[in-house]
Structure formats: C-alpha cells, structure tokens
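**Student:** Next come the chains, spelled out residue by residue.
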Amino acid sequence: METKKCYIYPLFIILLLLLKSKDLLGQTTVKGVVTDQRRRAIPFASVSIKGSYDGASTDSMGRFLFQTRQQSTQTLLVKALNFETDSLNVNLNELPDSLHIRLMEKANMLNTVTISAGNFVSGIQGKGIALNALDIATTPGMAADVFGAMQTLPGAQLAFGESGLMVRGGAPAETKTFIDGMLMKNPINAQVQGLSSRARFSAFNFRSTDFSTSGYSAQFGQALSSVLSLQTNDLPKKTSTSIRLLSVGGEVQQNIRHNNSGLVLTASLYDLKPSYTYINKSQIDWQQHPKSNSIGAQFIQKTSAIGLFKYYMDYSDSKMGIQNMALATDTAINPTGVRDDRSLGAIAIRNRNSYINSTYQDMVGEHWKLETGLAYNYAKDHIALPLGLAQRIDQSAQLRAVATYFIGTLSSLRFGTESFYTHRKDALDELFRAYQEQLTAAFTEADVFFNRKMVLRTGLRSEYSSYLRRFNVSPRLALSYKLNANSQVAANYGLYYQNPADKYLLLTRLGFEAVQGYVANYEFKKTDYNFRSELYYKRYSQLVREHNGILSNNGDGYARGLDLFWRDRKTLKNAEYRISYSFLDTERLYMDYPVSAVPTFASKHTFNVFWKKYLSAINTQVGAGYLFATGRSYYNPNNAHFLGDKAPNYHNTSLNANYITSWFKQLTVIYLNVDNVVGNRQVFGYQYAAGGGERQTILPATRRNILFGIIVTIGDKTFYD
Amino acid sequence: MKKYIIVLITLLGTSLAQAQNNYRETMSAAIAALDSVKSKESLLEKAALFERIADAEPKEWLPLYYAAYANLYANFWSQEEKERDALLDNSLKLVEKGLKLSDNSELLALKGYVEYMKLSIDPPNRLSYMGSSQAALEKAEKLDPQNPRVYLIQGQNLYYTPAAFGGGKEAATVLLEKAKEKFDTFEPKDELAPQWGRKELQRLLAQ
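Chain order of the listed sequences is A and B.
Each residue of the first sequence is one higher than the last, beginning at 9 in the numbering used here.
Each residue of the second sequence is one higher than the last, beginning at 579 in the numbering used here.
Think of the hints as simulated: they come from the structure by calculation, not from any bench.
Each hint should be verified, as a subset may be incorrect.
Stated by the list, open to error - To give a feel for the contact side, a few chain A residues facing chain B, derived at Cβ under 7 Å:
hint, residue
1, S54
2, S56
3, S60
4, Y61
5, S65
6, M69
7, N90
8, A665
9, I668
10, T669
11, S670
Stated by the list, open to error - With a Cα cut of at most 27 Å, we get these calculated DSSO-like pairs of lysine-lysine:
hint, chain 1, residue 1, chain 2, residue 2
12, B, K767, B, K675
13, A, K578, B, K660
14, B, K747, A, K461
15, B, K660, A, K114
16, A, K39, B, K618
17, A, K246, B, K618
18, B, K747, A, K246
19, B, K671, A, K534
20, B, K660, A, K581
21, A, K388, A, K327
22, B, K618, A, K114
23, B, K767, A, K246
24, A, K310, B, K678
25, A, K377, B, K618
26, B, K678, A, K246
Source: prediction; values computed, not measured.
Even glycine gets a Cβ: it sits at the ideal position worked out from N, Cα and C.
Let the hints inform the model, and build the full structure from the sequences given.
**Tutor:** Quick look at the structure:
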C-alpha cells in the first residue's frame, strides 16, 4: 500500500505537471500590430483565430495581444471597418515575436476612381449630382417633367419649343431614352411644332437616372449625342398608395408588396385646359389643349438575392392641336432645324402609344451576371394637316442579352448583343410609304482598374443595319485618374453612329450618321461640395443633307464647348445651391441648310442657378431658380446670311415652395411653382411666310406660369421611391 | 487512490472543456458586460468579440444580433458622420447576415432601429430609409406581437420624427405606453435572448 501510494503520487504529480505544462506550452501569446498599406495604425481592428473565440481588438496604436490554446497552423482573421478582411495562415508553434498585418482599404466612392466624364448619375444616394424624384418634380420652371429637369444640367439646352433633350450641339433626336437598358423610342407625348411636350413617364417610377452628356457606354448605341438611362424602381418597400394632383392633371399610384414580389399600378391624366384657361393666360390659340391619359403596370419578382424579374407596360393616349398655324405648316419654306419628323407642320395630332418592357437579371455562379430583356413599342399618330389626314405607325421591338464577368472587386468584362426591329409607315390619305429595318448589334466592354487611382474603360460596338445594308464599328475609350481624395481627372473618346431620321429613311436608303467625341474632365467632390468642369469637341460627319432635291450623307458639323457645374450644400445654412454654365460653339451643314450654320437649337451661353432652403419652423422648402440662355438663330428669308438672325436672350426667374405636412396622418406635400415670376416676354424665334413677308413670333405656351399640386402618400412615410 | 483518479479525471475534463468553445458561457458573460460599457472603445471591443463568436458559430444568429447592437450603440458615442455611417453600415450588414439564419422579430426590430439612425444622419437625402425601417418594424410586429422592443423602437423613431412627417411626442407616447405594457409581461426565451430596452423606455417616457 505504502509503495503503491509512493508510486502513484509521483505519477500524479507528473501527470499534473504534464497537464500544466501542456497548458503552458499550449497557451500561445499572439501579438502584433495592424496597419494600413502606409503603415498607419488601425485602431479597433479585430484579430482572431478562425473557428475559435480567441482574439482581441487593436488599441489606438494598432497593437493587439491575446492568448490562445490553439495549436499548430491556424487561420488568423483580421477585420476592420472600411478595410478588406484579411486572413492569413500562422503557425502558432513558430510565431514571430510580433506580427505586422497590413490591411487594404476597402474600395468605396471616396477612395476609388470612377468613370465619370460626361455622366450625371442621379437618384442613387450619395452618388454624384443627385436629383431625386422630388427634385425632378419640383425643379422650378420645369413643371415636373423629367426632360425639363435634365435640361437644367450643364451640357443640355433648355427646350424652346422643342421636345426632348438637346445635348452639346445635338438635335433632340440625337438623345435616346432607355428604361432598364431597353430603348424607349417614343418617350414624349404628342408633339406639335414649336411647342414643348412632356415626357410620357413620371419621375416617381424610377430609382435612378443616368444622364450621359457624352462618352456613354458601348452598351448603348444609335444616339449621336446622349443617352438618358432610367432604372425602374426595385420592389416597393411597402403596400401604399400615392396620389399626386397638379393643376395640370394628376396621377394615382398603387404599390402592392408581397414577400418577394411587388406590383405597381399607375394611372394618370393630364389636361392643360383648366390651367391655360383659368390660371395662366395662354399665348397659343388652341384647337385642342394638350391632354394625355395613361395607365401603367409594373410587376417585380425577386428570384434570388440578386435575381430580379421586371415586367413593365404602359399605354398612353395624348393629343393636342393648334388653331391656324398657316405660317408654320408650309414646311417647304421653313428649312430650319425646327422641322423635325415628329411634327411636320401638324395642326392637330393624336398619339397612342403602347410599351412593354420585360427584363431579367441574375448571377450565374460567383463571377457572372446575366441580364436579358425584351421590349415592344407600338405608336400610332393621327395628324390633321392642312393638306389632309396623315397617319403614322411606328412599331419597334428589341431583344437584348448582356453577360458581365467580374474580376476581383472592381474590374469587369462585359459582352452583349441586341437586335432592334423597326417598322415605320407614314400615310397621307390613300398614299403611304413604309420601311422595315432590323438592326443587330454586338458589344464588349472592359472596366480595368489598374489600381484604385486609375481606371480604363474600353469598349467596342458593332452594328449591322438590314435596311441600310451597312456595318459600323464604334470604339469607345475612357480613362479616369484620381488625383487625391477629392479630385480626379478623366478623358474619353468615342465614335457614335445613328440611323438617319425615319422621315428620310422612308424616302430612300442612306448611310449612318456619325460623330466623334473627345472629352476632358476635372472633378472635385467633397461631401457637401461638388465641382466639375468639362471641355469637349465633337466632329459630326455623314449627316443627312437634302440638296437640290437629292438626299445624301454629305453633311457635317462640329460642336465644342465648356460645361461647368458647382453645387454647395454647406456654406448657406440649411440651404443648398447649384450653378451650371455651358458654353457652346457649334455649326452644321445638314438637312436643307444651303451653307454651314449655327442650328436653331443651340444657345451660345446657357447659365442657370438654383437655390433651395428648408425652413423647419414652417416645414417648408422654398426654392428659386434663374435660367438664362442667349438667343438662338432663326431663319429669315429676307436675310442673305442663312440663319444669321438671333432671337433675344432668354431670362426666366422662377420660385417654388413645398409645404410638408400630414393630413389624416398621411404624409402630404403641397407645392407651388411660379415660372417667369416677372412675366417678361420670352421670344423663342420667328417663323416667316413664303417670300419672307409676314412673320409669326414663336412664344412659350404661357407668359407666366403658375403650377400647384399636392402629393399624398397613404400607408408609407416616403414619396422618394 | 480512487480519490486521486477522480481528481485526475476532473482535472483532465476541465482542461479539455476549456479547449472547446463554451458558447453559452462566453455569450452570457459578454452580454452581461455590454450593460456596463461606457465608451465607444469598449463597445467596439465587445462588438469584435461577438463577431468572433459569430464567425466561430456560423449557425447562431444571436452573436450577430449583439455584434450589430454593439455597433449601433458605438455610433451614439461618435460625433463624426463618416464614422457613424461606417458603424451603422456594419451593423446593418450583421443584421442582414443574421436574418439569413433566422428571420425573426428581434433582428427585424433592430434593423428598423439601425435604418432609422442611418436616416437621421442626413434626413433630406435619406428619406428612403424611412420606408424600409417601417417595413422592417411592421414585419417584426407581425412575427412577434409580444416583442416589447418593436414598440419601443417604433415609438422612439416617431419621437425623433418631426410632427410634419407624422411623428412627434404625442404619436410616440401611444407606442411607448404599449411597449411598457409588453415589457411588464415580457419573459425572455432564455438567458441569451435580447432583454434590453427598459432603461431606454423609461428615459423616453420621462422626457
């Protein structure tokens, strides 16, 4: 017994010692320091052994120290806010005295260069120059029109009786509108020459708008000047109803949200008659006041974390007519650019438009994203002309597929193809002309981030037109370099093609029209300040010319200029202002111009300033805007110098106020907008009768325009989506 | 002899147990420590600990919940907008990660809280958080109408929302009273389940 005890006791001691020594041996101290790439300490970084709770946070000097019982090779996880998570294998048995772990800063908007030249992204929080839906709805002087709001950005011209966007010396037809990547061929309601029409869609249906004043992606084509790319809303956050009533009409929108799907139903009615009769005195002699009805539906189904199926459709019916525009209807004597193909001197026009757009996107595997789309558009116009009744039927369909391969966190490679079908028929009484076109395109684009300071986007797009029987190849190149935390420089080059206007294609086969664009950009961006300046040069070639009755692609032209933008959200308390200025020097020889001249849609200087302030005491946002544009050229047959006359300069001062309140516990915004407060006479230009005797002044629809409205959202406290 | 062997086995046993992760023990100690933290630094330290536990226990949502909670509270100690945004973003990321494991009332309520804080940093430009915060809280209520934190957070959000947007003290009080009622009968499912809120409620009701 004694011996046994003696025998066991030391054994116990040994075992105990073993256990204890195992403890001593097994308890490893891990210490070190976590810094960024420039050896600056990262405080509050978390360092841990993967799969265990062992770990610690770094102190203000970036130091950490902890003990672990883990053995041999383990994975050390290092995490810190705003830095990429790092994991490294360490052998705990052979640990150096102190580890030095360097983390990479996470790529974000502040530290990473962006592809920015020529792009105005808005609506997405915190990005660039944001005009959210309410900003668009309440831009002073723009009557809640999407195109109107975009016209206040640098590079765009104010519409003087034209409809759509005229960008950097480009005609309205040179800007194309895309919804979720799909072309919307007829984005504007019924149009009559000399009068601006509204966009047929509401700003509230879109999550973001990307307005590219030049250098747009190879994903898009058939636009010489600019692309307006709109993204429809994702799943509505809640089931809610929005009612928007304006003195010119109204909209009702019902959002229905299910778990992974949503339905948005919209109906709208706009009629300018009450406004032009009782509120504002119209300067136009209307036969039919502008009026439009539309209904729309959007179905959204979330199919996975990224997977999204969207189906969008709308139908609209719009009309307008003017009394006795005998002067304007004789198009033969009016060779100015005002005469675009949507308005051929119409007296009254009715437009019916159906549009369907269906898109799907999802990730395929970890690195591939697939986007597909299908769109169809049917537009029918009935036009009462002095010489008879005309009808126009415009059908188009589009099929599109894009695959993107993501390389690392920033770079990507994109491939895509799309095909557009167009059938266009114009009839006058019993006579008609029609043409049919199938345009097929393939494109590829690579975004290469050399590092976070420099990115290169190269793209190539090729199109084949069955009607023109021609190919085109357009290269695109954009380079951006980040100078420091707040500023970057960028440059881009691109070659862009577009089919000639339908009115010419109905007569004969022609070639593509083309433009080459060069842009240099400097941008300074801070949380509350944004400055950008852009210099550009565009060379137009192969423009359609109508000379001595013969159509050819012999036209050409140029546009060059400077765009400046400044936004400040800080200097003035609770207020923000933005200023934009555009200088434009352009001439072109096209259509029936006898010589090269400044087109009628180009102001040399455009300047506008907007200010808004939130008065919290009365829950009201007040705003003011001043828009200025130098007078545009107009055609005077009495002047030997073609388009040598200039209309007077344009001034417009507008005021608005949005009062935010709650009615029956529902968020309500009441707004008032007064356009041209001082009521000065704005003259867009003149139109002459044949022989140059009589002339008629082209005026805006009203001299002073008062618009008011109310937005009520039921069941949700937000109206921004 | 027998005694020694028992001691030996016990010693061996505790030693082995120490080598494994003791989830419940570590969690309850860390949760208890959360109550006493009085600085951003210690909150972030706790947040890091919860994140470590979350990484080691990929099936548990509670470590993610508390990590998100600690990040949210750390944001109250910071004056810097950029830092607050980063903390709240991290918090939201953790909540979303948790929701993938368990779509429950507590996580959704917390989400509604964090999103409201995101909104409050720059309200004119972030109104869209209002809708998603509300939606999260409404779903949280639907999943567990007895969860007092749902009403506390709803009430708190309303309290700090201007009356013009349907908020204000009056509107908030209704919900805060409801939260008080629910707290009176509230029984946590277990010791690790969220229990916070009574202090916050009293403070708001006293104001």
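**Student:** Give a verdict on every hint.
**Tutor:** Hint by hint, here is what the structure shows:
1. The beta carbon of S54 (chain A) is positioned within 7 Å of a beta carbon in chain B (closest approach about 4 Å), and the interface hint is therefore held.
2. Evaluation of the S56 (chain A) hint against chain B yields a held restraint, the C-beta minimum of about 4 Å falling below 7 Å.
3. At its closest, the beta carbon of S60 (chain A) sits 6 Å from a beta carbon of chain B; the interface hint therefore holds under the 7 Å criterion.
4. For the restraint placing Y61 (chain A) at the interface with chain B, the shortest Cβ-Cβ distance is roughly 5 Å, inside the 7 Å limit, so the hint holds.
5. At a threshold of 7 Å, the smallest CB-CB gap from S65 (chain A) to chain B is about 4 Å, leaving the interface hint in force.
6. Using the Cβ-Cβ criterion of 7 Å, the hint placing M69 (chain A) at the interface with chain B is not satisfied: the shortest such distance is roughly 13 Å.
7. Proximity of N90 (chain A) to chain B holds as hinted, the smallest CB-CB distance being about 6 Å (cut-off 7 Å).
8. The beta carbon of A665 (chain A) is not positioned within 7 Å of any beta carbon in chain B (closest approach about 14 Å), and the interface hint is therefore violated.
9. A cut of 7 Å between beta carbons decides the hint on I668 (chain A): the least distance to chain B is about 5 Å, and the hint holds.
10. With a least beta-carbon distance of about 5 Å to chain B, the hint placing T669 (chain A) at the interface is held under the 7 Å criterion.
11. Below 7 Å, beta-carbon pairs count as interface contacts, and S670 (chain A) has one with chain B at about 5 Å; its hint therefore holds.
12. Proposed proximity of K767 (chain B) and K675 (chain B) is supported: the alpha carbons are some 22 Å apart, at most 27 Å.
13. Distance check on the hinted pair: K578 (chain A) and K660 (chain B) sit about 16 Å apart at the alpha-carbon level, within 27 Å; holds.
14. Restraint check for K747 (chain B) and K461 (chain A): the C-alpha separation of about 49 Å exceeds 27 Å, so the hint is violated.
15. A distance of roughly 14 Å separates the Cα atoms of K660 (chain B) and K114 (chain A); the hinted pair therefore holds under the 27 Å criterion.
16. Restraint check for K39 (chain A) and K618 (chain B): the C-alpha separation of about 23 Å stays at or below 27 Å, so the hint holds.
17. For the suggested pair K246 (chain A) and K618 (chain B), the alpha carbons sit about 35 Å apart, so the restraint of at most 27 Å is broken.
18. In summary, the hint linking K747 (chain B) to K246 (chain A) is supported, as the alpha carbons are separated by about 25 Å, within the 27 Å threshold.
19. About 25 Å separates the Cα atoms of K671 (chain B) and K534 (chain A), which keeps this hinted pair within 27 Å; it holds.
20. Our distance criterion of 27 Å between C-alpha atoms is met by K660 (chain B) and K581 (chain A), whose separation comes to about 20 Å.
21. This hinted pair checks out: K388 (chain A) and K327 (chain A) have alpha carbons roughly 12 Å apart, not beyond 27 Å.
22. Distance check on the hinted pair: K618 (chain B) and K114 (chain A) sit about 22 Å apart at the alpha-carbon level, within 27 Å; holds.
23. Taking the CA atoms of K767 (chain B) and K246 (chain A), the gap is about 30 Å. The hint is violated against a cut of 27 Å.
24. Restraint check for K310 (chain A) and K678 (chain B): satisfied, since their Cα atoms lie roughly 15 Å apart, inside the 27 Å limit.
25. A C-alpha spacing of about 40 Å is found between K377 (chain A) and K618 (chain B), which places the hinted pair above 27 Å, so the restraint is violated.
26. With a C-alpha separation of about 20 Å, the suggested pair K678 (chain B) and K246 (chain A) falls inside the 27 Å cut-off, and the hint holds.
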